[in-house]
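Enquirer: Sequence:
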Amino acid sequence: MFINFGTSLYFHGQPEGSKSSGYPGPFTQKYGAPEVHDWEQRSRSSDIFSLGCVYIEILAQLEPALFPKGDSILEEPYHQHIVDLQRILREAEPEDPHLKPVLACCIEMIHGAKESRIKAVDLARTLASASNAALDATVFFCKDCIAEGIRELDPTGEWTFKNRNWSTSLNAMMRRVFVNALPSEAPVEPS
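In the numbering used here, the protein residues as written are 16 to 206.
Think of the hints as simulated: they come from the structure by calculation, not from any bench. Predicted model, so just to flag it, every value in this text is computed and none were measured. The reader is advised that the hints may include incorrect statements.
[As the list claims (entries may be wrong)] With a straight-line Cα cutoff of 20 angstroms, these simulated EDC-like cross-link-like pairs (lysine to aspartate or glutamate) come out: (1) Lys-45 - Glu-90; (2) Lys-129 - Glu-78; (3) Lys-45 - Asp-111; (4) Lys-84 - Glu-72; (5) Lys-129 - Glu-108; (6) Lys-115 - Glu-91; (7) Lys-115 - Glu-72; (8) Lys-45 - Glu-123; (9) Lys-129 - Asp-99; (10) Lys-115 - Asp-137.
Work out the full structure, taking the sequences as your base and the hints as a guide.
Expert: Here it is in structure tokens:
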């Protein structure tokens with residue numbers, strides 16, 4: 016089951032999305048934020064935690080040295096190993112140096128305290144500013160993604176999106192981060 020995204024019940028026009036508490040309904044235990052496991056108030060920040068867990072799983076495939084085979088840390092719920100995961104990511108020297116900003120973002124996404132997690136807009140800004148347009152570099156946001164997702168930075172400092180909510184746009188754009196980072200011989204399934 017992989018349905019963590021949306022446990023905060025985001026509604027357009029509410030700056031922090033909706034907040035909900037109590038029994039969260041079915042969710043993926045492995046990726047659930049601490050507050051989801053504890054049936055506490057959830058918000059967009061809970062989705063950010065889950066997204067960070069998914070990015071860590073992808074990074075573990077792109078950079079196998081991060082989590083050697085036999086290391087069980089990725090087999091258990093992430094909220095039980097936040098400090099260890101952050102330490103591993105902080106100390107990591109990825110083979111592909113262009114992934115360093117993604118590691119840094121993951122650290123910020125999986126804080127135990129929801130108030131300490133990076134905001135979606137800051138995540139998008141960080142990855143956009145880390146993009147490199149050089150021919151041999153990993154590009155985190157391509158022109159198509161930006162045209163389809165991020166429209167502009169409005170005067171309040173919030174990203175506005177075309178025809179999507181924040182998590183859908185960010186996920187669509189980030190899919191390309193990891194597809195671009197895969198070795199060319201790796202098969203890529205169409206999305």
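Enquirer: Need the status of pair Lys-129, Asp-99: alpha-carbon distance at most 20 angstroms?
Expert: holds (17 angstroms)
Enquirer: Holds or violated: Lys-129 and Glu-78, Cα atoms, limit 20 angstroms.
Expert: violated (27 angstroms)
Enquirer: For a C-alpha distance cap of 20 angstroms, please report whether Lys-84 and Glu-72 respect it.
Expert: holds (13 angstroms)
Enquirer: Under the criterion that the straight-line Cα-Cα distance not exceed 20 angstroms, is the pair Lys-45, Glu-90 satisfied?
Expert: holds (8 angstroms)
Enquirer: Next pair to validate is Lys-115 with Glu-91; report whether the Cα-Cα distance is within 20 angstroms.
Expert: violated (24 angstroms)
Enquirer: Taken at face value, is the distance from the CA of Asp-137 to the CA of Lys-115 at most 20 angstroms?
Expert: Answer holds: Lys-115 to Asp-137 is near 16 angstroms, not above 20 angstroms.
Enquirer: With the threshold set at 20 angstroms, check whether the alpha-carbon distance from Lys-129 to Glu-108 stays at or below it.
Expert: violated (27 angstroms)
Enquirer: Given the hinted pair Lys-45 and Glu-123, is their Cα-Cα distance within 20 angstroms?
Expert: holds (18 angstroms)
Enquirer: CA of Lys-45 to CA of Asp-111, is that 20 angstroms or under?
Expert: With a Cα-Cα distance of about 27 angstroms, the restraint between Lys-45 and Asp-111 is violated, given a limit of 20 angstroms.
Enquirer: Starting from Lys-115, check that the Cα of Glu-72 is at most 20 angstroms away, please.
Expert: With Cα atoms ~15 angstroms apart, Lys-115 and Glu-72 stay inside 20 angstroms; holds.
Hints 2, 3, 5 and 6 from the list above are not met by this structure, while the remaining hints are.
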